[in-house]
Structures are given as structure tokens and as C-alpha cells.
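Student: This is what each chain is made of:
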Amino acid sequence: MWGQLPYIAELEKAGIPTVLIDLADQEEMVKQEALVNGMPNVRFIHASRTLAGPIDVDRLIGPTIDGLLRPLTDKEKETGLYNPGQPRVIFEGTLEEADVFFSQTRHVPKPLDAPISIYTDGLPVRLPTEERVKEMLKGTSHRPDEMVTYQSDRHIMFGEEVKKGDLVRFQPLKWTATVEKVATIAVMAGCKPEHLPVVLAVAESGVPTGTTVYANLWSVVSGPIVKEIGMNAGLGMLGPGNPANSAIGRAYQLMAVNLGGAIPGINRMSSIGSPVNRAGLCFAEDADGLPPGWKGLNEEHGYRKDENAVMVLWTEGGMDGAQFSPGGYRALQKSGHGGIARRLGVKGKPGPHNFLDFILPGIWAGGREGPRTFIIVHEMAQHLYEMGFKTKDAVYEYIWKKGLEPLSEYRKRSWVDLTTNGWLGIDRQSGKPWKELPDDHMVSVAGDAPNENCIIVCGSDEEVCVQMTGGPRGGILGLHPIYSIDAWR
Amino acid sequence: MTEKDRTYRFLNPVGIQLPVKTFPLAPRLDKLDGKEIWFSITGEPDITIPFEKRLKNDYPNVNWRIKKTYGPVQVPLSDEEMKTADAVIQGVCW
Chain L
1 MWGQLPYIAE LEKAGIPTVL IDLADQEEMV KQEALVNGMP NVRFIHASRT
51 LAGPIDVDRL IGPTIDGLLR PLTDKEKETG LYNPGQPRVI FEGTLEEADV
101 FFSQTRHVPK PLDAPISIYT DGLPVRLPTE ERVKEMLKGT SHRPDEMVTY
151 QSDRHIMFGE EVKKGDLVRF QPLKWTATVE KVATIAVMAG CKPEHLPVVL
201 AVAESGVPTG TTVYANLWSV VSGPIVKEIG MNAGLGMLGP GNPANSAIGR
251 AYQLMAVNLG GAIPGINRMS SIGSPVNRAG LCFAEDADGL PPGWKGLNEE
301 HGYRKDENAV MVLWTEGGMD GAQFSPGGYR ALQKSGHGGI ARRLGVKGKP
351 GPHNFLDFIL PGIWAGGREG PRTFIIVHEM AQHLYEMGFK TKDAVYEYIW
401 KKGLEPLSEY RKRSWVDLTT NGWLGIDRQS GKPWKELPDD HMVSVAGDAP
451 NENCIIVCGS DEEVCVQMTG GPRGGILGLH PIYSIDAWR
Chain C
1001 MTEKDRTYRF LNPVGIQLPV KTFPLAPRLD KLDGKEIWFS ITGEPDITIP
1051 FEKRLKNDYP NVNWRIKKTY GPVQVPLSDE EMKTADAVIQ GVCW
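Residue numbers (my numbering), protein chains in the order written: chain L, 1 to 489; chain C, 1001 to 1094.
Some hints here could point you the wrong way.
To be verified - Selected chain L positions facing chain C (in silico; Cβ < 8 Å):
#1 8
#2 16
#3 170
No lab work stands behind these hints, which were simulated from the structure alone.
None of the values given here were measured: they were computed from a predicted structure.
Even for Gly, the Cβ is constructed at its ideal location relative to N, Cα and C.
Build the full structure now, drawing on both the sequences and the hints.
Tutor: As C-alpha cells, then:
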């Protein structure tokens, strides 16, 4: 569901009767969204995920027409006010009793058919006593009762414009929150007060939870705050062990559950889920590991080097690691030995060599097309620098050009019918209508523009590179998801 | 009282649902013939293409109008189009 219910509400209010057709397993999400849009009795017909279109239409057409003609019931004519109570204190009792309260689950029916936690990500939380939340709030100068609002003008989902001061509506139920609620969740996630500005900046993203496909929701912190609060930008920064990385990452997911009302199987419909989202993922950029002249994420996105920002990514399509064999990358760079050197035709020649030539364009062969976020260690960034890439933009340009292929091949890719609007739209790369372009017209599979790709330098000395599908700019989601942390100090 | 028996107040992490006025659905149509009905499509052509054909074939006296996108967000009716629209079928199928 992408804004259909607000639109249908607008039509119904204007006196235009509607019928909504959506897939059967979206029933609960439709009910919830219909309610929060003021029309709890929207007429909804179930389509099938598996029947062939013409057969499904045989089944759907009668109920659809009936939905337009059948007179309203008394219930459908009702007016009212949906205003669920919101006590500031949700529970009073001992710590042991509160453990039980916050560990409650609900059974979510098929297609899930298992218990799902009501307030948590499935694991116990640090209990949010009033005292602990008060202590947490020392991490920000913002008032506890202040509503969480956008701290700058920006574009959010699908290019929607929001202004500084507009309320952040948390996904998927478009609920709102106070600073105190975010602090409450920061306590639950195990954060310390000094983490709170980062968590508030992540909250500004509205913590989207993705669609029915494979969405990875993660964030990366850039700026001096990385060291101030002890984040891990070094070895294993994507993995476990660092309190700040782990707690801030977890806070995202707990905000999605509590502030967004996201429930797997009800309104969070990622078919197989993602391990990235199980406990949350946040890590930090290693600004010291950047080659000379390369900008950090903060500077790339309009902040100063001494300013702090968090990039909140929704990358759909998975992650892939260029797991070079132990020593394999070094053999390439030190003396031109090994399989990578053979592939690149540099056998026996000492480096630096461009490792991107080893992984491109193969990364687009099996997965979906689109930009990539490359998480690379400092040594690999340095090799690119020594190869002549004096800026990240130069690398983005190189990646983008490596993604060029004829339109005849591009047509066979996964998301192109969507991103081209069924080939009825304009190619954003050439500015021409898709239908006017010849088969040999070259299109880059690496995004509409080079800088839709992203490089994050962090990690340790073992040469490893991870590519996440997607990037921080543009695309059909129209996002530019980097938020000031300092605004929430 | 032991520490184990001490009671605390635990703050509510759940987001705030702003009050929403619920409203009645629009009155339904008394008939189909002669009506201007929009079929607004977002998403899967596997369903929506045969659906459009069937609507036009089975109900030829309806003035069928189409809004179509392969993207996930519908193309809304303009203010002018809303003045003459009698009904909308919103096919999401996403």
C-alpha cells in the first residue's frame, strides 16, 4: 500500500464511491490504514497472488461491480471519532512483572502463523522506568514533550516534500511521537544518553519498514560523534560487540515496532524478512581511513566535516560480499599473483590494481539492477586513490560507466517495468522517452546518475568489500535520507 | 519492602495516533449504464490488463476511463476529472 487509502478517503469524502482491489494477504494492513484514514468500512476485494490474471478477473469482477452498486449498510453510514487513548505510563509494577508485560506477544495468523512480540523485536528489553527515561533525556536539549519533527526541509517517500517543523509520521501507521517516547525506546534498546541524538536523528527518518520484498534497513553514522560515543568503525563494525552500534541499530527496529506500529504479517509484509532487521544494524564511517581528498558521508551530503549526520538506508535487493580468498587480494596488489590477477590480465605486475574491475559488472548479473553502496576497508580505498581516483565522485563515475549495457539487454532486468513505468516514461539518463530509444542505446544499470552509488570506508585491515543493493540518492523512492545529529543534541 | 517488591512506573513507547474523524462511505451507484467510472491501476499488469478488457467488454454502456501506472503510487484524478467521476475502482495488486 503506497498512499492508496488517503486517496480513496479523499474520493469517498468527495462523494465518489470506490472499491479497492488488493492482494488477499494485505487484508489487515488495509483495515488498519482505512481506519486511520477515517473510513473503517472501505470496500475491499481480494486479488490472488497465484491465479493467472484472466482467471482471477473471472472471480473478481462480480464482487467489484457489486461493491459499486450495493447500497450502504447502516454501519457504512456511521460517523465517529477514532481516538485511542495514550497514557504516558503504560504499566506500573515490579521489574519482574514489567518483564512479563513487555514480553507479551500476539498470535499473527497466516501467512505468518506464529507469536510476534507486541513491544519488542522478540528479545527482552531494558525496562523503561520513568527514572531511566529521565536519565536518557539528559542526552538532548529538546524537551520531553516536544513532538518529533523534521529538522530541515527535505523530500521523503516518493518525492513527497516536507518542511522543517512538520510532524514526522512513523511508518507504516503514520503515528507521531514525542522526544520522550524516543528516549523511552532508547532505554529499551540499551542506549546511553549520549546515543540519544543519533537515535532522534534516526527517528526523523520515520523508520520505514520496506515492502513485500527484501528490504534491509540500516544506518551509518558520520562525523566526530563516532569517536565521542565510542562507535565501532573498525574491525567487525557490521557485527556484534559494540554497545553503541548495537543499541542504536536496535533502537531503529524498536521504533518501527512501537512508533510505527509495524507488525510482521499484518502491515510489515517482507516475504522472508531480512537478518539485517532482526536486531537492527547501525555502524560508523572511519573518517581517518579516507584517502586524501575523499569526502566523508557528512561532507558528501552537505554537512561540514566537523558536523555529525546519520544516513538511514532502505536498500531493497540484498547484500553481497566480495569475500576475496585469504591473501588473494594482497597477492593481486603486492605482486600480481593469483586468480584475480589472472582475471584482470596483470599477472606478475605489482599493484595498485583496480579491484572494481574484478567485481564489476558481475554484481548486476544475478541481482537486481540499480546503484550499490560499497562498504570497503581503508586499504582498498587507498588502492583506488593510487589508481588515480582522487575523489569518490571519480569512483562513482567509473562504477556507473561499468554498468552501461544496450537497452536490448536492460529490458530483461528485474525492476525495469516498474522504474520505466511500463516503458511509458522518460529515461532519466538520456532525457528521452523509452519508446523512442533504439535497442543499441546504452543504459547504465548502476542508477540514473553516478552519485546514486555510495562508498563507505570502514572496517579493518583484511581486504573485504560488501555491496548493498541501493544507495542514498534518488531512485524511485526519491529519498535523500541523511539527517543531522547535531540538530538533536 | 525489598528491592524485588519495589514498584515502578514504566513509560509508554507506543506512538501517538492523532484523533481521526471517521466518515460514511459515499452513496453507491443506482445503475452502471451511462456512468463515468475510472479504473485506476497501480501494479501488476497480469491482473489489470484482463480486468480492463473484461470491464469494457461486459459493461459497454459505462464510460470507462483509465488511470495507469506501473509504479506503486496511483495517478490521482484531477480536480476537473473529479467533478464528472461517478466511481473509482482502485486496483492496487502490488
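Student: Which earlier hints can't be squared with this structure?
Tutor: none
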